[in-house]
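Novice: If you read the protein sequences in the order shown, they are chains L and A.
In case it helps, this note's numbering puts the first sequence at residues 1 to 288.
In case it helps, this note's numbering puts the second sequence at residues 1 to 236.
You can take every hint at face value.
On the chain A side, residues computed to face chain L include the following (Cβ under 7 Å): (1) Ala73; (2) Gln74; (3) His77; (4) Lys78; (5) Val83; (6) Pro85; (7) Arg89; (8) Phe91; (9) Arg92; (10) Ser93; (11) Glu98; (12) Ile102; (13) Gly103; (14) Ser105; (15) Gly106.
Taking lysine to any residue and the SDA-like style, the derived pairs with C-alpha atoms no more than 20 Å apart in a straight line are: (16) A/Lys127 / L/Tyr161; (17) A/Lys78 / L/Leu165; (18) A/Lys109 / A/Gly80; (19) A/Lys78 / L/Ala176; (20) A/Lys78 / L/His188; (21) A/Lys78 / A/Glu6; (22) A/Lys78 / L/Glu177; (23) A/Lys78 / L/Ala187; (24) A/Lys78 / L/Ile178; (25) A/Lys109 / L/Pro164; (26) A/Lys127 / A/Thr113; (27) A/Lys78 / A/Arg57; (28) A/Lys115 / L/Pro164; (29) A/Lys78 / L/Pro164; (30) A/Lys127 / L/Arg162; (31) L/Lys89 / A/Phe13; (32) L/Lys89 / L/Asn185; (33) L/Lys89 / A/Arg89; (34) A/Lys78 / A/Gly110; (35) A/Lys2 / A/Arg203; (36) L/Lys89 / A/Ile53; (37) A/Lys78 / L/Asn186; (38) L/Lys89 / A/Pro55; (39) A/Lys78 / L/Asn185; (40) L/Lys89 / L/Phe99.
Hints are computed from structural coordinates only; laboratory data are not their basis.
Glycine is no exception: its CB is placed at the ideal position from the N, C-alpha and C atoms.
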Amino acid sequence: MVWVNAIIQGVLLGGLYALFAAGLSLMFGVMRFVNIAHGDFIVVAAYLALTVMVSLGISPWVAVPVVVAVMAATGYLGQRLLLNRVLGKDILPPILVTFGLSIILQNALLETFSADSVRLPAGALETASLTLGDGIAIGILPLAMFATAIGVIAGLQLIFYRTPLGRMLRATSDDAEIVPLMGGNNAHIFAIATGLASAVVGVAGIWLAMRTNFDPAAGPVRLLFAFEAVIIGGLGNIWATLAGGIILGVAQTVGAQIDAGFQILAGHLVFLLILIVKPTGLMPRMTG
Amino acid sequence: MKTLLETRGLTAFYGDFQALFGVGLRVDEGETIAIIGANGAGKSTFLKTLVGIRPNRGQDITFDGQPIGGWPAQRIHKAGLAVVPEGRRLFRSLSVEENLLIGASGGRKGPWTLKAVYDLFPDLVEKRRNPGTALSGGQQQMVAIGRALMSNPRLLLCDEISLGLAPKVVRAIYEAVPLIRGRGTSILVVEQDVSQALAVASRVYCMMEGRVTLTGRPRDLSREEIAQAYFGMEAA
Ligand SMILES: Nc1ncnc2c1ncn2[C@@H]1O[C@H](COP(=O)(O)OP(=O)(O)OP(=O)(O)O)[C@@H](O)[C@H]1O
Ligand SMILES: [Mg+2]
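Here chain A stands alone, though its shape is the one from the complex (with noise of 0.2 Å):
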């Protein structure tokens, strides 16, 4: 499998206070990968890293191939690489529609257009033209997805896109998930629901205070160790 991204000794800061201390990650074409971690873990602040919206100038960050360290976020963008952000951020003077369109601004090519996303996502076609903030929580995070969606990414990165919802929500929105691999786009997935992200993932990282404390394929890993390195402590 050919490798699609891959981080090596990631830092990141907020003014003095460091928020990553060396995260080194990797995703290959065709896999979806999980992080998750608790709550200020560092996990949107990895992910701000990889797409250029936090400084990342001089980070080793090898996308396609290509060294994207210190690129500006539009030129990211561009090169494939779209994120679902926290707490979606629809653009609220935007309609559903228009919010779609402007996704594909970057102008890539490929499956993704507003067709493909109407019929990923049934339940937008009747909104279309309301605001994009006037949905329901699961319905928002639809019109995010499919807005990352239209920039035809080479992967896909989603931050807590189950955040939220009621359970029967998150598990149609997890729908979309195989449905967008298939198309050829790599996912990248953040998760506090532990098993929502072992459910879906070919790989997880597990990340703790800045740092990657285990890594490795679902099945392999216990509950134990998923749980020490979650919360750092000895399970019960």
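Isolated chain L, as found in the complex (with noise of 0.2 Å):
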């Protein structure tokens, strides 16, 4: 029963995973672009939900609207103001700009909130479960988290492809050059893959706040499972990257249910794993 439980711990956490993944996913997949600043912008928009909700005390109903918006309008502007000017054949300045800002954010959240850990209480959610059977209880908040995952992918894929702002946004990953001649405008339509991105980080963002405790140097590590998560589905398919959470966070949950501090490692062993086997990931793009 143990190893169900961790299994099932593992899908759910999986969520929380793929809603990681899914900004970086998107924004590689329209622009070719690396965001080393990722895991820290997943930061922000924690510290960002806990201000609101718990020092401003504004409502959640309110405040994760708000986050959610703040963060999709700091990533347009963001593209638009500075990403934009870096953007090129050359893949090295913006990985070089986003890991200066990936520091500035760091300094910026210790100076701001100091280096002590912090977490956003959820209250009764936190203890509430579900029991089914002998044994396997599934607590309410990651059932939620999963979830908001599912929901999230959802709604990004129906707006990829259900939209005219979808194919936009595809045909921008296909070949941006040509877009202009279909009368986009390259530099609003990158800034607007950052924008959902941004918005999906938020939705992270908060998730991560209420799951675990965080601190200014939280962020690299939420990258690297965003990483981990997407090259192990496979770029440019966003299911993919679902199926990608959910591999790693089993792999983590049955790690450190074969040893309490064999969690991470076993992660990085999976995704070396399929890295080595398939180097592709499990469910690459299809290409017509």
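Hints given; two lone chains; assemble the complex.
Specialist: Next up, the structure:
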């Protein structure tokens, strides 16, 4: 039973990793842009949620949309004003700039919030659970987190495959150079992509804040998990990112079941194994 | 006839390399113009500079009465200048129909709708759900032309739409040209196939090494003149 339990917990944790990964995958998919500060943005969103809900005492029903909207707007403007300037054929400048951003964000968070680790209290939800027969209990919070991940990914899928905006984003991913010849503005489309990714980062940050203790240095590890989920699943396929997150989550919880110290390492090992066996990921993008 | 497009002294550079040396060209409303020239003459560079995906700031380009030099490419597109790019460049993750629809993103109104494109190229109807790149070369070229038409352009630029296609397919595609012009769109084609160009165009420009070397109506040009302008040598 402990194993079944570990696997279930892992699947649910995978939802969080998919939320970490979705924004990274989206930005890479549309712009071939690797955002090294991705994890730090998640942590910024976590602190933002904490500030809005705990320090300002605003109800979650208002706070969640505010956090997501602020992140989306910041993402749009950040892309438009800063990151678009470093996009080009050379992939190194974006990596250097976002690496710098990562360090700046960590230090700014440290100045503002100190190095103490904090958590967003979720009240009675923290301990509520569903009991499924003998010895298996599923926490309401992880379940809601997983449901959120499914909802976010389904929403992204809908936007990408059922709307004119999504059509434009996919076209940009295919061949950005000629998108202006369709009347599209690359600078705006890139910023929309980052805005969307940042909205997902907002959601991910809120869940991170409720699920674990975090501190200003928590970003890079989230980036790593996001990377691993994206690579395991395969680039350019949003459901594959969920699959990647789940595989990573299960590897970690099963690893922890074997030995508490083995949790993170088990995730890395599975990642390496898949990288060796299938470097393009388990479900790579279909190409015509 | 009203002038639709006019360039004077157009230049273009790739780094230190100069690809165009003062190209002058005019398209009047309702005309079909052909640009011919050998590999590397600068034909594609000329089109890319016109539509703004190569820098054209400060260049003397008048389109539909407006100086478009330096405009962003999407603004030039919305002014009614569309291009069928060299090599088609369909979006591979979009279906045929999505490729057509995205051409209408600029929001220009006019006779060209999905239905009108399907009427022009009936072959595409049953392929509408297929990925754009899963078609035969000729059908892909039809999608590329349809995609450009969906923006209801005043002027349609076509870069080597016959390249790599069987003669029968080329003929089928060129049959669309008079139909397109009949709906009020002027056309400028770039062609390496000289006889095709002479057959379709009301006037021809020949380019060589970044310059216009000959221009005139097909019936006024002799084979010798064209060979001279095309290859830069005396015809044997
Ligand atoms: N991206 C580029 N970088 C550097 N030089 C280029 C580039 N594209 C084209 N050129 C050069 O510019 C010149 C004109 O090229 P262009 O593609 O405009 O010719 P073209 O007439 O369209 O030829 P083709 O019939 O082969 O398509 C050539 O000498 C070519 O080598
Ligand atoms: Mg060319």
